[in-house]
Amino acid sequence: MATEAHGEATGLVFHPMDQFIVRPLFRDIVPGTCNPATGLTDGCVRWYEPTNVTLWLMLSVLAIIALFMLGTRGRALIPSRVQSMAELSYGMVHKIVEDVVGREGLKYFPYVFTLFCFVMFANLLGLIPMSFSTTSHIAITAVLALLVFFGVTILGFVKNGSHFLDLFWVRSAPLAMRPVLAVIEVISYFVRPVSHSIRLAGNVMAGHAVLKVFAAFAAIVWVAPLSIVGIIAVYGLEVLVAVIQAYVFTMLTCVYLKDALHPAH
Amino acid sequence: MENEVVAAVASADWGKYIGAGLACIGMAGAAMAVGNVAGNYLSGALRNPSAAASQTATLFIGMAFAEALGIFSFLVALLLLFAA
Numbered sequence: 159m160a161t162e163a164h165g166e167a168t169g170l171v172f173h174p175m176d177q178f179i180v181r182p183l184f185r186d187i188v189p190g191t192c193n194p195a196t197g198l199t200d201g202c203v204r205w206y207e208p209t210n211v212t213l214w215l216m217l218s219v220l221a222i223i224a225l226f227m228l229g230t231r232g233r234a235l236i237p238s239r240v241q242s243m244a245e246l247s248y249g250m251v252h253k254i255v256e257d258v259v260g261r262e263g264l265k266y267f268p269y270v271f272t273l274f275c276f277v278m279f280a281n282l283l284g285l286i287p288m289s290f291s292t293t294s295h296i297a298i299t300a301v302l303a304l305l306v307f308f309g310v311t312i313l314g315f316v317k318n319g320s321h322f323l324d325l326f327w328v329r330s331a332p333l334a335m336r337p338v339l340a341v342i343e344v345i346s347y348f349v350r351p352v353s354h355s356i357r358l359a360g361n362v363m364a365g366h367a368v369l370k371v372f373a374a375f376a377a378i379v380w381v382a383p384l385s386i387v388g389i390i391a392v393y394g395l396e397v398l399v400a401v402i403q404a405y406v407f408t409m410l411t412c413v414y415l416k417d418a419l420h421p422a423h
Numbered sequence: 060m061e062n063e064v065v066a067a068v069a070s071a072d073w074g075k076y077i078g079a080g081l082a083c084i085g086m087a088g089a090a091m092a093v094g095n096v097a098g099n100y101l102s103g104a105l106r107n108p109s110a111a112a113s114q115t116a117t118l119f120i121g122m123a124f125a126e127a128l129g130i131f132s133f134l135v136a137l138l139l140l141f142a143a
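Heads up: the sequence lines are chains D and S, in that order. Yeah, the first sequence ends on 423 if you go by my numbering, and it's all consecutive. Yeah, the second sequence ends on 143 if you go by my numbering, and it's all consecutive.
Since the hints were made in silico from the structure, they are not lab data. Possibly wrong hints are sitting among the right ones.
[What the hints assert, rightly or not] Looking from chain D toward chain S, a few residues come up when the C-beta cut is under 7 Å (computed):
#	residue
1	L283
2	S353
3	G360
The C-beta atom is built at its ideal place from N, Cα and C for all residues, glycine as well.
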């Protein structure tokens with residue numbers, strides 16, 4: 159659908175989901191032609207190939223390194239703008255960890271801060287026109303969420319032993335209610351990585367798809383001004399969503415970490 | 060383009076387009092839930108503004124939980140359109 163040029167002013171000129179297609183950087187492929195069963199693997203993205211996803215993941219890592227290298231280079235008493243950004247983000251996440259997990263959670267602050275920076279930069283770099291929003295892919299966010307899930311589960315058992323299972327056996331509830339609550343708690347525990355990853359990917363993907371839908375309407379002359387206003391408004395909302403989702407991702411990581419360290423309700 | 064769409068819909072899978080549309084009703088629930096969280100936060104914050112700042116984290120967590128279920132319906136719609 160995307161490859162056909164539509165001269166008429168009706169319908170979508172391009173498909174709003176086309177922006178999420180993973181393509182190799184140095185090779186043109188026709189999307190959807192990968193079929194290993196028939197031996198036609200020219201359309202497949204090979205595992206070693208640099209793609210637009212890996213490019214933008216790399217760029218977001220480089221942007222984080224640049225921010226903190228430049229920010230901490232001067233170590234001025236009166237911070238420059240870059241230094242303020244670095245210090246404020248550090249202080250904000252430090253405060254989240256301290257408030258939600260407590261002081262003993264500060265041991266895990268580096269990992270939480272890494273997650274926050276990575277998600278935030280991936281979200282914000284994805285908002286640059288013609289770039290690729292890596293966090294719109296569940297494959298990327300699921301890795302982050304599963305790392306948190308397994309890390310937190312292992313940590314819970316290491317720190318509390320079998321007492322970690324108190325998380326599911328709610329001792330403050332009446333005895334008759336506990337088996338029912340245990341089932342609910344177990345389900346909600348295993349849905350965590352799903353909702354954790356899909357919340358981020360879904361928000362980013364939906365926002366970008368909406369942007370592209372408005373962009374497609376810009377091809378119709380008499381709707382174009384309205385569409386451009388719509389793009390600007392949604393773009394502003396998306397900047398907000400990018401930061402809030404990074405914040406929420408971090409916050410939920412802290413909540414899960416708190417559950418692992420203090421499993422009793 | 061239009062013939063193509065009509066042919067695609069008529070051929071086999073009109074059911075999944077209807078299903079994807081129905082899945083979007085889930086958004087109504089998420090909208091009400093998020094509105095409820097924000098509204099209750101605001102009414103509480105206006106009664107006791109001094110305690111409001113300490114509860115913004117809870118606000119965002121509540122919104123995130125409410126929103127996640129709406130995003131599940133979005134996911135169902137996407138699965139129906141692109142994976143089913």
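- Item | Violating hint indices (sorted, rising) | Number 1 - this is the single hint that the structure violates.
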